[in-house]
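*Asks:* Chains as they are written, first to last, in this note's numbering: chain C, 1 to 327; chain R, 328 to 654.
None of these hints come from the bench; they were simulated from the model. It is possible that some hints are incorrect.
Covered by chain R, per the in silico footprint, the following chain C stretches (three or more residues, Cβ under 8 Å) [what the hints assert, rightly or not]:
1. 17-23
2. 144-150
3. 260-270
4. 285-294
In silico DSBU-like cross-links for lysine-lysine, where the CA-CA straight-line distance does not exceed 30 Å [as the list claims (entries may be wrong)]:
5. R/474 to R/498
6. R/498 to C/2
7. R/329 to C/276
8. R/607 to C/2
9. R/329 to C/2
10. C/241 to C/45
11. R/369 to R/418
12. C/42 to C/227
13. C/42 to C/147
14. R/474 to R/369
15. R/372 to R/568
16. C/280 to R/329
17. C/2 to R/603
18. C/42 to C/174
19. R/498 to R/418
20. R/502 to C/147
21. R/418 to R/502
22. C/2 to C/175
23. R/554 to R/603
24. C/168 to C/45
25. C/2 to R/568
26. R/554 to R/568
27. R/329 to C/227
28. R/329 to C/241
29. R/554 to C/2
30. R/369 to R/329
31. R/418 to R/554
Using N, Cα and C, we set each Cβ at its ideal position, and we do this for glycine too.
2 protein chains.
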Amino acid sequence: MKKIMNDPNEIVDEMIEGMIVAHSQLIQRVPETGIIQRRAEKTGKVGIVSGGGSGHEPAHAGFVGEGMLSAAVCGAVFTSPTPDQILEAIKVADEGAGVFLIIKNYSGDIMNFEMAQELAEMEDIEVESIVVDDDVAVEDSIFTQGKRGVAGTIFVHKILGYAAQQGKSIKEIKKLAEELVPNIKSIGLALTGVTTPGASQASFTLGENEIEYGVGIHGEPGYRREKLQPSYDLAEELLTKLAEEFDVTRRFAVIINGLGGTPLMEQYVFTNDVKKLMDKDEWSIDFYKVGNFMTSLEMQGLSLTLLCLEDDFYMEALSAPVETISW
Amino acid sequence: MKKIMNDPNEIVDEMIEGMIVAHSQLIQRVPETGIIQRRAEKTGKVGIVSGGGSGHEPAHAGFVGEGMLSAAVCGAVFTSPTPDQILEAIKVADEGAGVFLIIKNYSGDIMNFEMAQELAEMEDIEVESIVVDDDVAVEDSIFTQGKRGVAGTIFVHKILGYAAQQGKSIKEIKKLAEELVPNIKSIGLALTGVTTPGASQASFTLGENEIEYGVGIHGEPGYRREKLQPSYDLAEELLTKLAEEFDVTRRFAVIINGLGGTPLMEQYVFTNDVKKLMDKDEWSIDFYKVGNFMTSLEMQGLSLTLLCLEDDFYMEALSAPVETISW
């Protein structure tokens, strides 16, 4: 896999530098760390921090800004950031009202974020957290106990970010998060594998006309391989899996998420098929988001996320304007 | 090349439907056409219309909105829209002050936009136009006499869109456009070829470790193939070519544009290298834009665009907020 890069060991550092060059009006780097912090003024509200391995851009740094994340911590490619980096992010995000951590369900992330939380509490910063496990594809995985955390995490960033901006307390945000996450479910499919920078080969490969349902955002195995089907049939497969998780008479918000190498044209064709299928089965959709949000380097494929709008606050939060690179 | 699609003959129609599903608050489709129109209220100002073949998403529909394009016309993949479609777009964009057309320099586009302009003038709509030919890579090409029009077109959308929003007349916009376009230069490189939907093979192929400089956004030939170099060296090659076109002591705005299949991580690494090189040679950069703006379906690669900020109005226009999908 050809990549535009220099030294694979420096790729995350150089990427962060490039992000700052491109978006210096919105974000800044905490010097000599993998932490990206918003430039917005501190106002004494709860800080919201997320992060994880790099390679999922624009997640998470693309969601740093007023009304979403206070800071994002970038680990090495597909590797959790270290506890000391996360601790540093907590410190820069702290405005005196505590810091809330949004963690995707990967064992390394859980371990390191929890350790950072303990370290921060020893320094008298109040910290709460939520683990996002929206991917319904498989139970347990290479790096995960239970379900993986994927593109639905972006909904969590937006809704909790808005709650913090509205001045909710860290306990209120914790309660909101615990109610929110079970209402978010995702599932994906891959047309190609993914190669980490410097690796000699892809983490998996698919045949010339083959796809895999349920692949994870680090190339973890999914639940079935088969011949590539028309977009409509792909959408039907993913939506059928998600429908099993919900009361489909409720109202929903949707993310159609490109995995990095899939052009917008294909994402919009798929969106049209999702809409057709949902209309046919009389789903009610109040909100759509289409684009690359939680990627897997250059992987071709996409994922579908549904959020059941159980609480009116969710739509209020999703509709509020923000200043970020990628929402 | 695996693609998420249904019938290749319906792909543009289904894509447009999907765009409308995703962004119905911003845009609407003129029924049974390939025209995407902004929802903003009509205010009697000059209408700005662009368009061309599809496959370059988010261009051009992603730039439809208050402060940029009034409407975009989507042709078939890599194929100019027909004169009657462009005429229809002119009509919906007309608010009584005339309509300005932004045309990329491809023979089919030139022919069809000019014909539409004549038809509109016969219906007493004042129409002016500009041809964008920012790609310095090669002179003449498969579909082009002279230089091709590529990602620099996005700067033209933004600056002329702002001028129209400010209430400038069509003659003033024409003068602005004629001064602006010679100040915009681009050049690209490809890591992979591109396959149009339904085609049995890519328009060109590159070796496992090979790249091509100067490839066009429809896969037109560039000026040199060689072994993939580190990002810094790629940036140096492109910047050296662009430096020949400018007085480098002036101030500049930059677009680093992903061609569709290149992940953001690589785009930001390249951005960091462009910045390093420009700092070394003491260029002054006032504005950066990084992301997928003018793509070539799933092609991997990127392009670099420089705009020489000869007129203070350019930065004023680039900095103004807009409501579009992709600026």
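*Asks:* Of the hints stated earlier, which fail here?
*Replies:* 2, 6, 10, 12, 13, 14, 15, 20, 22, 30, 31
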